[in-house]
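**Q** Chains as they are written, first to last, in numbering that gives the first Met the number 0: chain D, 0 to 359; chain H, 0 to 359; chain W, 0 to 359; chain A, 0 to 359.
Since the hints were made in silico from the structure, they are not lab data.
Any given hint could be a false lead.
Heads up, the list lumps identical chains together, so a pair's fine if it works in one copy or across two of them.
[Stated by the list, open to error] With a Cα cut of at most 25 Å, we get these calculated DSS-like pairs of lysine-lysine: (1) LYS272 with LYS317; (2) LYS115 with LYS7; (3) LYS317 with LYS270.
There are 4 protein chains.
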Amino acid sequence: MSFNTFGKIFRFTTWGESHGPAIGCVVDGCPPNIALSEKNIQIDMDRRRPGKSKFTSQRKESDQVKILSGVFKGKTTGTPISMIIYNNDARSRDYETIKNKFRPGHADYTYFLKYKIRDYRGGGRQSARETAARVAAGAIARIVLKKLIGKKFKVVGGVVQLGLLGCDKKYWNEKEIRKNPFFCPDKKSLKIWEKYLLAVRKSGSSCGAIIELRASGIPAGLGSPIYSKLDSDLAGALMSINAVKGVNIGSGMNSAFLSGEENSDEIVGIKGKTKFKSNNAGGILGGISSGQEILASFAVKPTSSILNSRNTINTKGKNTKIVVKGRHDPCVGIRAVPIGEAMMNCVLLDHYLLNRAQCD
Amino acid sequence: MSFNTFGKIFRFTTWGESHGPAIGCVVDGCPPNIALSEKNIQIDMDRRRPGKSKFTSQRKESDQVKILSGVFKGKTTGTPISMIIYNNDARSRDYETIKNKFRPGHADYTYFLKYKIRDYRGGGRQSARETAARVAAGAIARIVLKKLIGKKFKVVGGVVQLGLLGCDKKYWNEKEIRKNPFFCPDKKSLKIWEKYLLAVRKSGSSCGAIIELRASGIPAGLGSPIYSKLDSDLAGALMSINAVKGVNIGSGMNSAFLSGEENSDEIVGIKGKTKFKSNNAGGILGGISSGQEILASFAVKPTSSILNSRNTINTKGKNTKIVVKGRHDPCVGIRAVPIGEAMMNCVLLDHYLLNRAQCD
Amino acid sequence: MSFNTFGKIFRFTTWGESHGPAIGCVVDGCPPNIALSEKNIQIDMDRRRPGKSKFTSQRKESDQVKILSGVFKGKTTGTPISMIIYNNDARSRDYETIKNKFRPGHADYTYFLKYKIRDYRGGGRQSARETAARVAAGAIARIVLKKLIGKKFKVVGGVVQLGLLGCDKKYWNEKEIRKNPFFCPDKKSLKIWEKYLLAVRKSGSSCGAIIELRASGIPAGLGSPIYSKLDSDLAGALMSINAVKGVNIGSGMNSAFLSGEENSDEIVGIKGKTKFKSNNAGGILGGISSGQEILASFAVKPTSSILNSRNTINTKGKNTKIVVKGRHDPCVGIRAVPIGEAMMNCVLLDHYLLNRAQCD
Amino acid sequence: MSFNTFGKIFRFTTWGESHGPAIGCVVDGCPPNIALSEKNIQIDMDRRRPGKSKFTSQRKESDQVKILSGVFKGKTTGTPISMIIYNNDARSRDYETIKNKFRPGHADYTYFLKYKIRDYRGGGRQSARETAARVAAGAIARIVLKKLIGKKFKVVGGVVQLGLLGCDKKYWNEKEIRKNPFFCPDKKSLKIWEKYLLAVRKSGSSCGAIIELRASGIPAGLGSPIYSKLDSDLAGALMSINAVKGVNIGSGMNSAFLSGEENSDEIVGIKGKTKFKSNNAGGILGGISSGQEILASFAVKPTSSILNSRNTINTKGKNTKIVVKGRHDPCVGIRAVPIGEAMMNCVLLDHYLLNRAQCD
């Protein structure tokens with residue numbers, strides 16, 4: 000089975016292969032009368048696209064989004080918004096040498112077992128290129144949420160761990176994230192990260208990363224218990240991103256190490272407003288947003304497309320070795336920041352609308 | 000919005016409150032002609048039910064499942080299977096003192112903000128009691144998978160971290176898990192765990208836990224890319240369990256710290272069979288099962304129902320203090336083992352059927 | 000595949016067999032804080048239940064609904080509402096003689112072919128008894144719509160054709176429908192209908208019927224183009240009722256015979272209000288409600304459970320004859336009125352909430 | 000809410016406006032390894048497209064389908080198939096005069112009430128042009144069903160009523176349908192139909208039609224009781240087609256006039272094969288296919304785009320008159336034949352796969 004649609008009432012469907020003519024996205028269920036332009040969507044696209052620094056794949060894609068439907072005179076009409084992004088710089092040749100081999104740790108192998116056919120050029124549908132289409136959908140969700148909730152709404156992500164190197168979250172600075180090629184929130188970590196990643200790249204290897212997402216201005220009450228809790232849907236959404244292997248909400252896996260006293264975020268009323276003394280819950284209790292900042296993080300594994308030789312088998316089951324040439328990211332986790340933000344925006348909007356349906 | 004149905008084509012819907020007359024579950028989409036009895040389901044129910052040791056809540060519930068439909072002469076008919084579990088030992092009195100207060104870290108607060116009404120008795124719908132209904136559904140999924148896949152199919156969970164105490168996974172022993180009250184796979188850890196948990200309980204506090212799930216005998220090819228990847232659905236399913244804050248697949252969050260070489264599981268063909276040298280992927284590549292053992296783990300936070308006084312507000316927003324009496328688990332994570340297994344069984348069966356639909 | 004859940008965000012799941020211990024319904028997605036009692040639901044249940052006149056099955060069922068969850072202190076909480084209706088008067092003996100034969104025109108045959116197993120007692124899951132559970136869900140939808148829309152909201156159905164006999168819709172009188180056992184809106188037709196149906200019954204035969212549904216007070220704008228148009232969802236909902244073979248919206252099949260001029264309902268503005276000169280559209284244009292009265296009708300075939308001998312085969316494929324004893328309705332269409340109303344109420348509420356989600 | 004996705008596991012999503020740059024369709028859940036080409040899809044596209052005779056709209060669209068993804072080396076890969084159809088002959092000018100008026104009987108009015116914005120050019124999203132995208136999806140479903148079921152599988156539709164003129168179904172001839180511009184199965188009706196439709200067109204009016212669909216070679220057992228019965232899903236699918244107001248399965252509305260004896264299709268076993276003496280059920284019993292030919296019919300109302308002046312209001316609610324110029328079909332029902340076939344193909348494939356999932 001293939002399931003290329005995400006969401007319940009704000010839904011998007013993505014399509015396309017890495018080396019096909021184009022990829023795209025159809026957004027359905029978008030509220031009408033929202034000002035929407037390709038330019039505004041492009042802001043997010045540009046943050047994700049490759050080839051912008053020496054720390055990402057050198058594939059040159061302008062990733063220009065074109066809107067084909069659903070917008071009339073600059074406003075959404077409530078009908079489906081179809082967007083297309085052409086593939087300009089696909090080099091299928093690069094994949095000829097590995098077309099009959101499986102990259103260890105790559106979806107090459109499982110796609111072939113499942114479908115008995117696969118588009119081996121650039122990873123086909125498994126390629127991280129698919130995430131460009133999500134970013135386009137997420138941009139629309141962001142624009143709609145801004146309109147519905149107002150200026151206080153914001154989703155920001157940053158890389159907080161680059162392979163073996165962490166950063167100091169005390170110095171989290173949103174503006175800094177927008178400036179450096181690592182999406183790192185802590186300026187002081189940049190130099191060492193740069194050295195580290197250049198060394199990883201030079202060695203033909205790759206490294207993982209942890210990304211943290213913070214959503215503020217989110218009203219209390221979002222989330223659909225029991226099986227579509229806000230954290231449950233966020234976890235599913237983030238885990239659906241290529242190469243993600245772990246998801247935390249608030250204290251996440253670390254919550255296992257806390258005592259009941261440490262973990263429960265005490266509540267205080269201050270001048271009619273509710274405040275929490277801590278945020279181990281990551282802004283979600285019982286699957287419903289509490290009004291606190293929503294905190295999620297996820298780990299991206301090191302890409303399996305590395306220059307060093309690895310043992311594997313070919314499509315006939317014979318033992319062989321593989322070396323992956325072509326243009327790859329030494330750390331795909333970096334470009335996962337705008338993708339994580341996009342998925343969070345989509346989940347939040349979907350739940351905003353779902354909550355309005357039942358509890359308005 | 001409330002979403003009390005889980006699954007795509009093997010689906011279950013749960014209902015009921017902690018202190019209502021009963022809770023229940025309707026399973027839909029079950030294949031016909033599978034031998035099914037209340038007795039077989041009860042095996043899993045008994046593993047989850049409270050009151051069996053001094054390490055869990057002293058609420059005495061027999062948790063007897065009664066099948067009301069969908070089974071004829073001992074076999075499933077393909078029509079919905081309705082199951083009911085009566086609540087026998089609800090003590091609503093215990094909750095009178097806290098009915099106008101919010102437990103910090105509990106869904107009390109967010110349910111009230113969302114719905115403007117809540118059943119405060121025993122946590123109402125937010126109660127972990129709801130998980131009994133999932134276990135009933137999971138038992139059916141287990142029985143069906145056993146029939147479809149055969150004897151090699153198995154899902155086993157164990158507690159691998161109890162608060163600050165880990166255990167040695169080298170000594171993972173399934174039989175041991177079934178014997179001790181901690182669902183701990185490592186016999187050597189039992190003594191110290193027992194002491195530790197008694198101390199936690201005595202102090203009126205609580206602690207968290209990490210549970211690991213292992214599924215073996217799973218055919219390659221299960222998983223519905225892109226937005227219903229096997230790991231994505233597993234993450235959503237496990238995160239939907241009460242008090243879960245983090246989910247890992249394979250190496251999970253730790254994959255961020257590995258190099259591309261370490262992380263990619265090399266493949267070798269041995270006498271026509273495919274073997275992997277490691278299992279960092281947790282048996283899932285690109286959202287599709289690879290035929291390896293599927294590995295997932297999740298963290299359960301310490302329960303917020305503790306005996307020690309905490310700052311909070313009441314339903315009118317005034318500052319107050321709260322002490323939670325009643326019968327609570329010092330570590331809800333322990334009883335999460337059969338619940339995690341249940342959710343994994345349901346996800347696996349759903350994807351087994353989805354795969355059969357498209358790729359048979 | 001079995002799909003026992005109806006609706007998108009106001010959803011209900013039904014379960015149960017004709018001769019099992021009980022049947023039931025779980026309603027999910029209901030808005031919170033709506034006053035709801037078993038008594039109010041029972042009003043609709045009593046209109047559908049058998050055994051009330053000599054024109055329906057003599058099975059004696061009190062059809063008492065019991066609410067098991069989702070209501071606290073007389074109000075909905077936003078969590079699932081589970082309802083159970085016990086089967087009191089099942090006589091499985093009656094079916095022993097036909098357990099290995101298929102009734103021509105009955106789902107006996109296809110259930111067996113699909114599932115290779117069937118509960119033959121009273122039709123099992125195919126029984127019209129399942130519709131009691133829908134009526135319970137529909138009653139909740141009715142109560143919620145009344146609260147959301149106000150007093151002007153109303154859904155009323157009536158039998159407008161009883162076998163070969165029509166009635167004069169000019170004399171449509173809602174109060175009359177509630178009084179007579181035929182749900183006939185035209186008092187003048189009663190005498191002849193009574194004679195006719197007694198004759199049908201006496202002859203051991205059965206007859207069909209056409210039911211018309213009228214919904215007023217429905218706001219404009221409900222309906223989810225393209226594939227969940229209001230009329231599309233109504234057609235699917237009504238066709239899902241046992242024995243229904245045709246559905247019309249407004250002029251329905253007759254619209255084929257009209258000219259463009261006759262069919263298009265001219266619009267006039269009168270003192271700031273919009274009026275239509277006719278209602279061929281049945282209150283729905285492009286799948287969206289126009290604010291006019293919504294008109295739908297559906298045909299119920301004569302039941303296949305008749306006393307006269309018919310040619311058929313048995314479960315082994317051998318030719319045989321069948322005579323159906325037991326207690327059957329000479330015209331199942333009569334009791335389809337409250338069922339049709341229930342389905343319409345559910346569709347309207349679902350679309351009311353869906354519209355609120357996107358366009359509020 | 001907008002819902003532009005159809006189907007459960009064989010799903011398609013359509014997008015696009017009549018006068019936008021293009022329309023399109025994304026098909027998801029298609030089985031892999033099916034030979035698929037644009038040429039094969041084009042066969043169905045060409046049957047629907049306008050401008051082929053004087054009896055349809057003179058809009059000249061080549062309706063060339065271009066596949067953008069999901070097919071590799073001539074075979075489906077199991078990933079989403081995105082198709083695009085460019086709009087070449089949109090004349091938006093034609094709509095300037097009516098952009099502030101509502102066509103009586105047209106979705107103009109309700110789209111505006113729902114979304115408070117509408118693309119008035121050529122009906123925007125409400126345009127029958129959307130149906131081209133369905134036909135593309137239906138062509139894929141047809142090709143897949145042919146592969147799965149074999150040569151005996153066939154879905155054929157024909158116009159059996161053109162306004163006031165019927166045809167003689169005894170002379171149903173499939174080859175004839177492919178030859179004449181009316182999709183009429185009865186050669187003897189052509190002359191009078193031609194005269195009639197020319198007269199309708201000349202008078203600036205329009206007329207309705209009834210289309211009958213016949214599916215043969217369909218295995219028994221398809222259909223998902225209770226709320227996704229095969230007939231229920233067919234009814235919803237056909238009613239979702241623009242301008243459709245009524246749907247019949249088998250004897251349909253006429254079943255109300257039959258006796259139980261007449262209506263029930265007697266079963267006979269002949270040399271190990273099951274035969275039915277009649278087909279009032281239209282091949283569906285209890286929502287499940289019986290192995291008989293599946294028969295459905297639907298009525299298409301006369302288009303509201305007529306040259307004769309009608310009373311209406313403008314977007315400000317003022318009374319006015321409207322005359323619709325531009326290029327319109329005198330009978331949109333004619334081109335509904337391939338659209339109805341497409342929807343039936345999609346429903347049948349979806350249920351084929353659903354049945355395989357549960358009952359294989």
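**Q** Next step is simple, just say for each hint if it's right about the structure.
**A** Hints and how they fare:
1. LYS272 with LYS317: Between copies only: 10 Å across, 66 Å inside.
2. LYS115 with LYS7: between (31 Å within a copy, 23 Å between copies)
3. LYS317 with LYS270: between (71 Å within a copy, 10 Å between copies)
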